[in-house]
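Novice: Protein sequences appear in the order of chains A and B. Counting along the first sequence from 1, when you hit position 203 you're at 203 in our numbering, and nothing is skipped either side. So the mapping is simple: our numbering equals the position in the second sequence, first residue as 1, plus 1000.
Heads up, a few of these hints could be off.
Quick list of in silico lysine-lysine cross-link-like pairs, DSBU-like style, CA-CA up to 35 Å [as the list claims (entries may be wrong)]:
{"id": "1", "chain 1": "A", "residue 1": "35", "chain 2": "B", "residue 2": "1215"}
{"id": "2", "chain 1": "A", "residue 1": "102", "chain 2": "B", "residue 2": "1215"}
{"id": "3", "chain 1": "A", "residue 1": "138", "chain 2": "A", "residue 2": "121"}
{"id": "4", "chain 1": "A", "residue 1": "102", "chain 2": "A", "residue 2": "121"}
{"id": "5", "chain 1": "A", "residue 1": "121", "chain 2": "B", "residue 2": "1215"}
It should be emphasised that the hints constitute simulated quantities derived from the structure, not laboratory data. Keep in mind that this is a model prediction, so the values were computed, not measured.
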Amino acid sequence: MSIISMTGVNKVYPPRQRGQSEVVALDGIDLTVNKGDIFGIIGYSGAGKSTLVRLVNALETASGGSIVVDGTELVGLRESELRRVRLGIGMIFQQFNLFSAKTVWGNIAYPLTVAGVSREKQTARISELLHFVGLADKAHSYPDELSGGQKQRVGIARALATSPGILLADEATSALDPETTDEVLTLLQRVNREYGVTIIVITHEMEVIKRIANHVAVMEAGRIIESGPVFEVFSHPQTAASKRFVNTVVNSAPRDKELAALVERHPGTIISVAVNDTDASQSEVIRHLIQREVEFELIHGGIDNIQGKTFGTLTFALRGTSDNVRAAIDAVSRFANVEEVA
Amino acid sequence: MDVLIDLQPQMWQAAGETLVIVALTLLFGGIGGLAIGLGLYSSRPGGIMGNRSVFTTLNVIVNVFRPIPFIIFLAAAQPLARLVVGTGIGNPAIIFTLSLAASFAIARIVEQNLLTVQPGVIEAARSVGASPLRILFQIVLPEALGPLVLGYTFIFVALVDMSAVAGYVGGGGLGTFALLYGYRQFNPLVTWAAVLIIIVLVQVVQFFGNWLARKIMRR
Chain A
1 MSIISMTGVN KVYPPRQRGQ SEVVALDGID LTVNKGDIFG IIGYSGAGKS TLVRLVNALE
61 TASGGSIVVD GTELVGLRES ELRRVRLGIG MIFQQFNLFS AKTVWGNIAY PLTVAGVSRE
121 KQTARISELL HFVGLADKAH SYPDELSGGQ KQRVGIARAL ATSPGILLAD EATSALDPET
181 TDEVLTLLQR VNREYGVTII VITHEMEVIK RIANHVAVME AGRIIESGPV FEVFSHPQTA
241 ASKRFVNTVV NSAPRDKELA ALVERHPGTI ISVAVNDTDA SQSEVIRHLI QREVEFELIH
301 GGIDNIQGKT FGTLTFALRG TSDNVRAAID AVSRFANVEE VA
Chain B
1001 MDVLIDLQPQ MWQAAGETLV IVALTLLFGG IGGLAIGLGL YSSRPGGIMG NRSVFTTLNV
1061 IVNVFRPIPF IIFLAAAQPL ARLVVGTGIG NPAIIFTLSL AASFAIARIV EQNLLTVQPG
1121 VIEAARSVGA SPLRILFQIV LPEALGPLVL GYTFIFVALV DMSAVAGYVG GGGLGTFALL
1181 YGYRQFNPLV TWAAVLIIIV LVQVVQFFGN WLARKIMRR
């Protein structure tokens, strides 16, 4: 069931100065997010992903198209009505954006105060959230007394205060070190599983997508150029941009200098084979090589686990008679994606 | 030295008058300046209640009145003082005119300090559905409170300076005292005594302001 649905959404900013042309931030966005998804949106900076996510909670208004969130059409709503919509959507930020003049408790209380929740109910909800994010002992600390990871956990607690159905994470881990990133991502997964919150994750790091998303959209120059289940996009990226992102986290075929170095050390034919659970298992590839009496050496690659599925690219140096090598490559090509790299 | 001892009652009375003038001005001008400053901040294009015509109007008003030297402003605004406080001379007139002039200066200081609040923090408040007025009073003002206290401390010192010309329209205070009994009667010692009191006053207030701001900012 879709919880967010965008159709033909545009966002155009007026020209900065007279004579300049207007800036098209988003161009014909179609996007559907299902309830319970962790939906990743990846792109380089300037691709429009921050603008896109801000349309969902109406921090930005669309120039055209339709945005339906939880059954409500946002385009054309008045500001006062949009404020009510925002109460049902939490948001966390790269720079945390905590209220520095308020304690941790005060930060989490603020959305509840805005929503008009009574003081007694606030107390119960804040305590619950503090325990959920593991900061019960920091209730009366100020943000500047917390580490980055702790700040983001306060941000998450604040975003969840009013029990929203949707959480928007705008580069939520980009300012954190790898270990803290992992902590925060695990927490987001718990938010998704335990509270059933639909999460939209904006990032430029494929690692984040690989780690928690089940669905991904790739953005470039204000458009969504590719979208699908994470495993699918990882195993069969269609566009150059997607391939670049996928290559940042999975072991792919060697290129350029890396390849040149391998060629130097391993004369003969070098092939890269994409392997995965669904259509090309490692053992099958290896069986075909042995059957055709081709000697082989695994010289590059690795196996990843994405959404519980095995996935990766293995690069072999092959030795044998040219007929045997050819036959082996043909056999493997029938069921796997093979690339002769040298 | 004898002169100074003889003039002690007048001197302490003058010090008291300076305090009253500056305190009342800080109160009235402080409130007026805060209001204009909040208006400037929130109506700024792209601000929380962006409105170009309101912003331009306020901006022009502040820019027109702020650079007028106070001693000229005092004379120029005399008819207005008569209209509002019923007299163009004495302490009521100086308090009125000084408050008016200070409002414009304070407005800029308030605006500048509010602008230091991170846009992201305001975005976070918007994202939880807070209205612009809520954001202004519950988020922006508390976030900027430390710098604001320092700004008001700075203004206090400026007001002590400006209030020294009160004698020009028949007002009292340390400025009048120094001119009347020191300068005009060739008693530099008396002038220096007034200077000394002002230095002490300013130091005490500055110290208190710094302490309060530090406490608010927890540094």
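Novice: Which of the stated hints cannot be reconciled with the structure, identified by number in ascending sequence?
Specialist: 1
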